[in-house]
Amino acid sequence: MVATQLTLRLMGAPTLLTGDAPVALSPGASLLCAYLALGPKEGRSRDVAAAQLFTDCPTTSARRRLNTALWRLRNEVRERTGVDIVGAVGAQRVSLNSAVDMALDARVFEELVTPAFASKATELTKEQAGSLEAAVRMRHGQLVEACDEEWVLAERARIEDLYLTALDCLLQYYGAHGEPGAVAKYGDMALALEPLREDIHRHLMTAYAAANRDDLVERQFERCRAVLLEELGADPLPETVALYSRLRRGESGPNPSVGALTQELERARREIARLSEIVERALEHVARMS
Amino acid sequence: MVRTWKHRFLLDVWAEPRDVASLPVIVRARVRDLASEEETYVGSFAEIQRIIDARLDAEGLTPRTWERDQ
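These protein sequence lines are chains A and B, in that order.
Numbering of the first sequence is given in our numbering, commencing with residue 117 and proceeding in unit increments.
Numbering of the second sequence is given in our numbering, commencing with residue 59 and proceeding in unit increments.
Treat the hints as calculated values from the structure; they're not laboratory data.
Possibly wrong hints are sitting among the right ones.
Below are the EDC-like pairs computed for lysine to aspartate or glutamate, each with C-alpha atoms no more than 20 angstroms apart in a straight line [stated by the list, open to error]: (1) A/Lys-301 to A/Asp-277; (2) B/Lys-64 to A/Glu-265; (3) A/Lys-236 to A/Asp-217; (4) B/Lys-64 to A/Glu-266; (5) B/Lys-64 to B/Glu-97; (6) A/Lys-301 to A/Asp-330; (7) B/Lys-64 to A/Asp-264; (8) B/Lys-64 to B/Asp-111; (9) B/Lys-64 to A/Asp-172; (10) A/Lys-236 to A/Asp-264; (11) A/Lys-236 to A/Asp-315; (12) A/Lys-157 to A/Asp-172.
Input sequences plus hints: build the corresponding full structure.
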């Protein structure tokens with residue numbers, strides 16, 4: 117008999133799969149499966165599990181509901197796959213069956229991204245970039261989407277950080293390889309999650325400049341400025357303005373010190389004053405002609 | 059009608075990475091009201107307090123005081 121290969125997809129709505137086919141589970145069974153899969157290998161305490169999953173119930177009622185939920189999860193998965201997914205249930209702890217061959221997408225995702233983070237983003241190998249791309253394709257939404265219970269929040273934040281870092285690495289990598297289309301793709305994905313992260317806006321501007329797309333540098337700075345104004349009522353940080361000024365002149369790299377930053381901003385101010393004088397003269401010229 | 063007794067907000071706080079290490083990091087945050095799914099970006103504690111106060115006002119929880127403000 118061939119063992120059934122199960123995959124538990126948690127990056128998005130929790131879904132159990134056999135091969136590529138989803139296993140139809142009730143929402144409660146799916147959520148309990150996710151809860152146990154994200155727990156420690158040795159399982160979770162029954163009392164803690166009951167309290168975390170059934171927060172609105174008194175203790176005895178919560179324990180009873182946990183037992184029912186475990187029974188339902190076991191039966192639903194067994195009926196549809198023949199696999200006994202719930203581990204040997206003790207009096208104190210509860211877990212998934214460690215003998216079941218089940219891949220967890222969040223763990224696979226982590227294994228794909230982590231090695232690449234040891235390298236500088238612009239110096240990734242093609243294989244490392246490929247791993248990052250395979251990882252970001254795995255995300256179908258937030259970890260255990262639509263569940264905002266406390267047990268999922270910390271792990272969700274950790275996975276989201278890894279995901280955002282992977283996107284940041286990819287946009288820098290493709291900037292260094294002169295591929296503005298890929299830069300835009302991964303930049304948009306990152307900013308869809310964190311539109312106010314100025315370091316990502318700066319990395320995008322730098323990546324577009326590396327790909328010789330001054331028009332996109334301009335557009336990115338304007339997007340950064342507009343979103344900060346609209347959402348926070350704030351201006352971009354001085355280094356974001358200074359970077360934009362440098363990239364417009366065809367120079368690259370950040371300003372490493374306060375002195376260099378001040379010098380850059382003074383230079384931008386002089387440039388704007390010079391442009392302002394030219395515009396004033398042009399307006400006077402038009403006024404004289406009309 | 060059962061009155062809502064718990065009001066949940068998710069608060070994401072981050073420090074904007076700086077290019078110049080000697081400059082102070084800038085703290086920004088996002089408050090998500092889990093009842094309405096509304097997200098608001100803020101740059102101070104005062105703004106967070108205003109969001110929570112507005113929600114409690116809308117629930118009719120007045121007059122009120124925080125435990126340690128009494």
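Against the structure, the hints:
1. At roughly 18 angstroms between alpha-carbon atoms, A/Lys-301 and A/Asp-277 fall within 20 angstroms of each other, so this suggested pair holds.
2. Proximity of B/Lys-64 to A/Glu-265 is assessed by CA-CA distance (about 13 angstroms); at most 20 angstroms being required, the pair is judged to hold.
3. Between A/Lys-236 and A/Asp-217, the direct Cα distance comes to roughly 35 angstroms. Violation of the 20 angstroms bound is thereby established for this hinted pair.
4. Distance hint between B/Lys-64 and A/Glu-266 is fulfilled; the C-alpha atoms sit about 14 angstroms from each other, no more than 20 angstroms.
5. Distance restraint check for B/Lys-64 and B/Glu-97: the Cα-Cα separation of roughly 18 angstroms lies within the 20 angstroms cut-off, and the hinted pair is therefore satisfied.
6. Our distance criterion of 20 angstroms between C-alpha atoms is met by A/Lys-301 and A/Asp-330, whose separation comes to about 17 angstroms.
7. A distance of roughly 14 angstroms separates the Cα atoms of B/Lys-64 and A/Asp-264; the hinted pair therefore holds under the 20 angstroms criterion.
8. Restraint check for B/Lys-64 and B/Asp-111: the C-alpha separation of about 14 angstroms stays at or below 20 angstroms, so the hint holds.
9. Taking the CA atoms of B/Lys-64 and A/Asp-172, the gap is near 11 angstroms; set against the 20 angstroms cutoff, the hint holds.
10. With a CA separation close to 34 angstroms, the supplied pair A/Lys-236 and A/Asp-264 exceeds the 20 angstroms bound.
11. Note on A/Lys-236 and A/Asp-315: the hinted pairing holds, with a Cα-Cα distance of about 15 angstroms set against a maximum of 20 angstroms.
12. About 27 angstroms separates the Cα atoms of A/Lys-157 and A/Asp-172, which puts this hinted pair outside 20 angstroms; it is violated.
In this structure, the hints that do not hold are numbers 3, 10, 12, in rising order.
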